[in-house]
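*Asks:* Under the UniProt record's numbering, think of the first position of the sequence shown as 1, with each following residue one higher.
If you are wondering where the hints come from, they were derived from the structure by calculation, not from laboratory data.
Note that the coordinates shown come from a computational prediction; the quantities given were computed from them, not determined experimentally.
All the given hints hold, so there is nothing to weed out.
List time: in silico PhoX-like cross-link candidates among lysine-lysine, alpha-carbon distance up to 25 angstroms:
1) Lys412 <-> Lys434
2) Lys52 <-> Lys18
3) Lys18 <-> Lys82
4) Lys866 <-> Lys746
5) Lys695 <-> Lys723
6) Lys318 <-> Lys441
7) Lys723 <-> Lys700
8) Lys748 <-> Lys700
9) Lys866 <-> Lys757
10) Lys822 <-> Lys291
11) Lys767 <-> Lys52
12) Lys4 <-> Lys55
13) Lys690 <-> Lys52
14) Lys349 <-> Lys450
15) Lys291 <-> Lys318
16) Lys52 <-> Lys82
17) Lys690 <-> Lys767
18) Lys723 <-> Lys690
19) Lys818 <-> Lys757
20) Lys818 <-> Lys866
21) Lys369 <-> Lys313
22) Lys805 <-> Lys826
23) Lys4 <-> Lys18
24) Lys746 <-> Lys757
25) Lys313 <-> Lys291
26) Lys757 <-> Lys695
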Amino acid sequence: MGMKLLESGKFLIVLSRKNTVLQMQLINTESTNAIISDSFTQSSSFNSLVLKAEKNVITLGLSNDLPATKIYRISIDEANQKFNTFEGWCLTYSSWYLIDIFFEQSDTNAISLLYNSQNGIRFGIFYVNNTTLAQQNQINQYGNYKGTFIGKETFLIGFTQRSWDQNQFWVSQYQTSAIMSNIPGQSCYFIDTTSYEIFTFTTISDFIQAGDSSTTLYFTLSRDSISFQDMRLQQLTSISSWCPTIDQAFTFDASNPSTFYVNYGSQTISFGDLLYCGTPPVPTVTEYALKNTNTIPGLALNGMTFDITTELKGGMYKGTVVAKSVLLEAELNYTIVVNMPPFFISTLKPFKLQFGLLSTYSLPTIFYKESNPFTFNLELVSVNSTNTSQTCITLGVALADTSVLVFDDTMKQMKINVSDPGLSETWICDFNYKITLKDIKGAISEQEMKISIIRANVAPEWIYDPPQPFFMHVGETISVVLPQAQDPNGDTITLIDIQQPQFSSLPDPNVFQYTLTPQLIDDIGVFHIIGNLSDEQPIAQYLPFSIDITVFNFAPYFVEALQNQTQFVDEFREYMLPEVSDYESNEFTVTVCLGANIYQCSTTLPGFIEFVSEARVFQFKGRQQDKGNFTIQINLTDEFGNSTFSSFTLRIIDYQISTATQGLTASLINSGPPDFITPLTTSLTIEEGKSEQFKFPQIKDPDGDQFECQVNLGNAASFVTYKDLALAINPIQASDTPFSVNILLKDKNQYAPKSNKYRIQITVTAKQSSNTSSEYYISEKSSEEQSTQGQIKQSQQERSVVRLKLVEVNKMGRAKIKVYAKSTQKMMQLISSQMFSIQMEAAELIEDVPFSIESSSSNELVFLLKFNNPERVSSSQNFDRLIITTRRQIQIITPQYYETLPVGTALSTFIPPQVSELTASKLVLIQKSGDYASYTLVSSNLLLNIFLQAIFILGQLQFWRPLLSLRFTE
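Whenever a hint applies, use it, and build me the whole structure from the sequences.
*Replies:* Structure follows, in structure tokens:
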């Protein structure tokens, strides 16, 4: 089954098995014949065996299908040629297949194991002192594995993987093979070094002395040489070229840009290729989809491309494309920037001119949002006529002419001169131009322009666009000016008014303008202005027009939503309605009714509900018989009858003392929490690989209450165990940051238990000779310290900023902060009280607040605030403000990301009135004296409220009956 030669070369350890019996023999190799000097056996069924020899000590690992895993450490007395000491440990219900075992006599407390469990490689260190094994998952891949340790925590692993065929049977040919180490960043598979599992072994002693064996064994010891023949080196690939990211990585090719700059117009853009890193076959994409992205007109996803049409206007568009296979998904966050060309703000209408006249046609204004340089080009492309009997001038002659059609590029005007009596009638044609606007980035806008020379009487025409609809609010005054028009025959144009709204003034005949002033309810709606432009010829030609005028009136509304109200029985409560806004600034009325249905709502309010309309305030005075839920409807109506309905619910209930008040009263009975008699050591330093036991001091409760000690090992759970008020510390690996162990001493007082919290910081230092690698490193820097080398490395990683949230500040001097980070656990290890400064802003004064970190768990910090005078905090009408600011910067850098908690992060909130410990103790004295009335008369502050609440719980007292009924309120 296996054999190992001791370092001295004098003895050979041989393991053999017959049926279910494992025999271990010590053989003297100095004689010609192998002499068995000692022999032990055990009855064992196992499926894997690993053996390691270190000087005169051997370590043995066995695992079977029961399931169980056994570890043995056996020392050999070479002088007496005997097995000296046997140590054994067993873990049941562990289906592990052992690969290798490692032990070195410089660290007698640790035995390293490499094994296959749950279809993956697992690495664990067994600590002899406390019989526990700390396991790291390492590699989660199915395959055939072989491996060997090259150090206590470093090993080489070789494996092959196969794939399923389409019928879900194993194929005969291995698909992937690799040899790699477990050093993070140097393996193509993700090496998990952060998640631990702890297993506890039991001590066993199942090897027994075997009788003298009469079997003669013969061994030939020799050294063989191995030569590699016909090795195809070109098929050996490096990790970076074979698997650039992590196993099972299915991504878009990161070398292609994810931001696309395109010019306006129809086109197609491609996302590039999909990359897959892992065991073949390559996944087949079954669907392409957009993730959390609304449909964008002009942008259509078509597999690995986007089809863009002219509907996609200028701007920036962001989204996520997802390529889905059966099990994997690849995502691409894209950005598309569309560059728009210059364009005319008005339509280029055909321009007509009577033969024999002179005129000028000015092009519309050019609008260009991008503000880049652009070119303007005008080209005469053809000359033709719709009159088949008309002969037109040729294109060449028209292009060569410099007097009839002349374009002024500076003024962007076409000067048309057909007034020369001797001009040939072949100019009576249509001249078709193409205008091209092109910016420096290649965006193009092309427009057609037609100049027509005519000989006929025609109607006036709009030079650019016809009149557009108008929209306005009642109470506004606007002027409607007709667009610019011209008569091709040079005739005078007059306005003929046919129809206009009652709120319109008569049009100005000089500027063709209407003035609209809607003021009445009848002016709300859709109206029309209808008329003609005439050339005033005997046989007149007309240009008809119609303009739609829409007049709006918006209803008044509450600026803020109405809030539901709660009134305690026999208490008085007021509720002021929010501010009301009306777009047209119209007068409005407020109508109130009671009922959930607006159509069956009573305007007569019950006696316990009163509405003061002048101040828009509700007053509630419900009694015991009025308890229940009531819906109050509010109708806001303006002077034109437009209205909105809003509602809120009034709840009238009995007063109930809160759980917090009961807890405050009960806490007065308990004088204090349990505590250590002697101070607890809060800082420990230990070298990696060493073991230490730390016992807690004696604990005492001031009231003699029973108590309990709760220990949260936190991130130290991998190497620290707690039992019987002691910590067993067996560090696995050194760390730059301390590990925190939180201790809670809590009494078992039945009313209000009290507790003390402590924290022990454990620092694990590295051996001077060790050279370990880590998946990450953590650095803490002040705002003045910056590392050039770190900046270069960090620029290649994802950047992330830690977010802090100030959750609450309570009246007992506690402030709670939550930390949101990618690596919350490691970030919480670094945070200390030196990280923060805390100040209180009272009116115009700012003072520092002493503090300490009372507790730190998961992602939550609790600060204990030590105000100089707690009773003066927020004692005026304006609450004081607490400001927490970070003073130092923390960086956590891993191969995947770079995370920073920056300097100067400020959190602030209001501080509630505070209760000091002295105030709480005074309440006990007041309660014992029974002198309640004097404090009732002279006290009107927070102390009275707390005092009365406490008395209500303790005695259910009532004062001054029957003159006055007192109820104790929060």
